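Below, each chain spelled out in residue letters.
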Amino acid sequence: MTRDEQVSIAIPTGALLNGALSVLSAAGLARLTAEELGRQLLIERDSVRVILVRPADVPAYVDHGAADLGIVGKDILWETPGAHYELVDLRFGGCRLVLAVPDASALDGPETWPPMMRVATKYPRTASAWFETRGQAVEMVQLHGSVELAPQVGLVDGIVDLTATGRTLQENRLRIAEVLGSSTARLIANQASLKTRSAAVQSVVSKLREASGNAG
Amino acid sequence: MRRWGYRHVITPLVENMDVLDLGLGTEQRRRLFKFTDVRGDIVALVGERTVPVARLVAGKLRTAPLPLRLCYAGPVLSTDEERFQHRRETYQVGAELIGASGPVADAEVITLAARCMEATGIRRYQIDVGHAEFFHGIMDAVRLPDEVKAAVRAALAARDFVALEALLEGTDLKSAEHELLLRFPALRGGPEILEAAGGLVRNRRSELALAELAQLRELLVAHGIGDVVNLDLGAIRDFDYYTGIIFEGYGPDFGRPVAQGGRYDSLLSRFGRPAPATGFMVQLDLVSEMLTRAPRPPALPRIDAAIAWTEGGLGTALRLGSTLRLFGMRAVVDTEARNDAAARSWWQAVGAANLIQCRSESSVAWSAPGQRARTLPPEQVAARLAGSGQ
Numbered sequence: 000m001t002r003d004e005q006v007s008i009a010i011p012t013g014a015l016l017n018g019a020l021s022v023l024s025a026a027g028l029a030r031l032t033a034e035e036l037g038r039q040l041l042i043e044r045d046s047v048r049v050i051l052v053r054p055a056d057v058p059a060y061v062d063h064g065a066a067d068l069g070i071v072g073k074d075i076l077w078e079t080p081g082a083h084y085e086l087v088d089l090r091f092g093g094c095r096l097v098l099a100v101p102d103a104s105a106l107d108g109p110e111t112w113p114p115m116m117r118v119a120t121k122y123p124r125t126a127s128a129w130f131e132t133r134g135q136a137v138e139m140v141q142l143h144g145s146v147e148l149a150p151q152v153g154l155v156d157g158i159v160d161l162t163a164t165g166r167t168l169q170e171n172r173l174r175i176a177e178v179l180g181s182s183t184a185r186l187i188a189n190q191a192s193l194k195t196r197s198a199a200v201q202s203v204v205s206k207l208r209e210a211s212g213n214a215g
Numbered sequence: 000m001r002r003w004g005y006r007h008v009i010t011p012l013v014e015n016m017d018v019l020d021l022g023l024g025t026e027q028r029r030r031l032f033k034f035t036d037v038r039g040d041i042v043a044l045v046g047e048r049t050v051p052v053a054r055l056v057a058g059k060l061r062t063a064p065l066p067l068r069l070c071y072a073g074p075v076l077s078t079d080e081e082r083f084q085h086r087r088e089t090y091q092v093g094a095e096l097i098g099a100s101g102p103v104a105d106a107e108v109i110t111l112a113a114r115c116m117e118a119t120g121i122r123r124y125q126i127d128v129g130h131a132e133f134f135h136g137i138m139d140a141v142r143l144p145d146e147v148k149a150a151v152r153a154a155l156a157a158r159d160f161v162a163l164e165a166l167l168e169g170t171d172l173k174s175a176e177h178e179l180l181l182r183f184p185a186l187r188g189g190p191e192i193l194e195a196a197g198g199l200v201r202n203r204r205s206e207l208a209l210a211e212l213a214q215l216r217e218l219l220v221a222h223g224i225g226d227v228v229n230l231d232l233g234a235i236r237d238f239d240y241y242t243g244i245i246f247e248g249y250g251p252d253f254g255r256p257v258a259q260g261g262r263y264d265s266l267l268s269r270f271g272r273p274a275p276a277t278g279f280m281v282q283l284d285l286v287s288e289m290l291t292r293a294p295r296p297p298a299l300p301r302i303d304a305a306i307a308w309t310e311g312g313l314g315t316a317l318r319l320g321s322t323l324r325l326f327g328m329r330a331v332v333d334t335e336a337r338n339d340a341a342a343r344s345w346w347q348a349v350g351a352a353n354l355i356q357c358r359s360e361s362s363v364a365w366s367a368p369g370q371r372a373r374t375l376p377p378e379q380v381a382a383r384l385a386g387s388g389q
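Order-wise, the sequence lines are chains F and U.
Heads up: the first sequence begins at 0 in numbering that gives the first Met the number 0, then just goes up one per residue.
Heads up: the second sequence begins at 0 in numbering that gives the first Met the number 0, then just goes up one per residue.
Quick caveat, the hints were computed from the structure, so don't treat them as lab data.
Source: prediction; values computed, not measured.
You may find that some hints are simply not true.
[Stated by the list, open to error] To give an idea of the chain F side of the interface with chain U (calculated C-beta under 10 Å), a few residues: (1) D88; (2) F91; (3) T183; (4) T195.
Positions of the beta carbon are idealized from the N, C-alpha and C atoms, including for glycine.
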């Protein structure tokens, strides 16, 4: 198999990993377990080369052409727009980006927001843009983990974070005030790979499209 | 580019903002480095060179008869760090053919772009050719409310086909054009793609675009670059700017286009001299990055002769250097007198193919790798070096 025919796919560690492995397997491209990929990070099969990277790094791998394709949550794409093509909604890993406030907070819809709101998030770009279109002034506090803690200790009025089941929010006595958007796993492609090695790349794309339950 | 009759023009690095305002879109203006001059006027560092060339054609060159063939080379800057691979500055070489419309002019510019890519040393490359009017025709023909059309354009500009599909599925007015939009990234290939697309479009604008592409393809074959050209009907570019044929050049295993160009017939009228125009630019630092990452990076240009001298030999050294250069060779004459050992280590450092040591008017010592030094009259050394075809 030459480099021209082999297609490289970057897949993310974390919540989307198992979904990504099952869609690769359902598409007949590669049967891999999380354990073996966790050990090797890069595995070659007949027609594909699978690369395991951190979720936020998938767009960088694809945009620079180190991977032809990538599987990544839409939430990551909101934060890091780039020159890639977003081709298929893979329909797994569903979650919502929400504004959550403490249960006891008076904050709810936009009419209840203070003139300047303080919000903690791992998604500053997406959150800023969303508040800006609603004319709301916000001070963003960018945190890298345990965002749920910030409103409880009075650091911020609310958080913008991702939630699948809402359980973590409940456990931290937070409730959803607004939904900013819904996210699922997406298949993205490098712009040059689509043009310079289109036959091989398009064939993998259509296999993944079918395996994810998209028609045609 | 000189061989194609393109004249080199130099446009300023700093331009008045009101000039750039005429030619650039909002996004492009946002990315410019701006500051004020002593009069308080806002000036900017150029972010691309087509608009400055257009201004030149409508200004200083307004009496020059069209068509004009102009080329340029120079740095361009952007505040957007993502734009040039995390650098603020890149180096672009480009050409513009102004005052000529139609596929013959487009074919000339595309071929010139191909030859420029070749000249940089890229061994394998391809050029994808599309047409802005194909897209405009489809957008005219799709029956959608204006706000949905705007969203469709935005989704396409962001290359977000998931959003595009959701938008188009939400409407029940299906047409062949819907199908074409969804298949946009796959609408590429050889001449057969024109026929396939021709069977699907039902609007005059797109049909004319397909006919023009067919004609262009034949011209490119005649230019001798048919085998590197693909047709790409789904090319996504700035459709507010480009009015006709568009193209992109790709190298092997490199994630982004290194050359871009197309027809922009509406730009010149904004500067008061309406004229059709087409052009391209090659991003030289992307090319150089691609070449250095290639399995066999190209060697630096070889220096043919290192000419050393001692007391009494300087005049001979200078004359010999001039002679070799007249024969098109690269020759370096030392700036100080050196003895034999010092001259040999200097030869190494210069990295030249031959060492010539001048010690007197009448004879010089000529050394080449793997050969014993020979003592000859300077004219004979010059004749042998020139004759060896180096």
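Hint check:
1. Contact between D88 of chain F and chain U, as hinted, is supported at the beta carbon level, the nearest pair being about 5 Å apart and thus within 10 Å.
2. The beta carbon of F91 of chain F is not positioned within 10 Å of any beta carbon in chain U (closest approach about 14 Å), and the interface hint is therefore violated.
3. Because the closest C-beta pair between T183 of chain F and chain U is about 9 Å apart, less than 10 Å, the hint holds.
4. Interface hint status for T195 of chain F: upheld, as the beta-carbon distance to the closest one in chain U is roughly 5 Å, under 10 Å.
The structure shown violates just one earlier hint, number 2.
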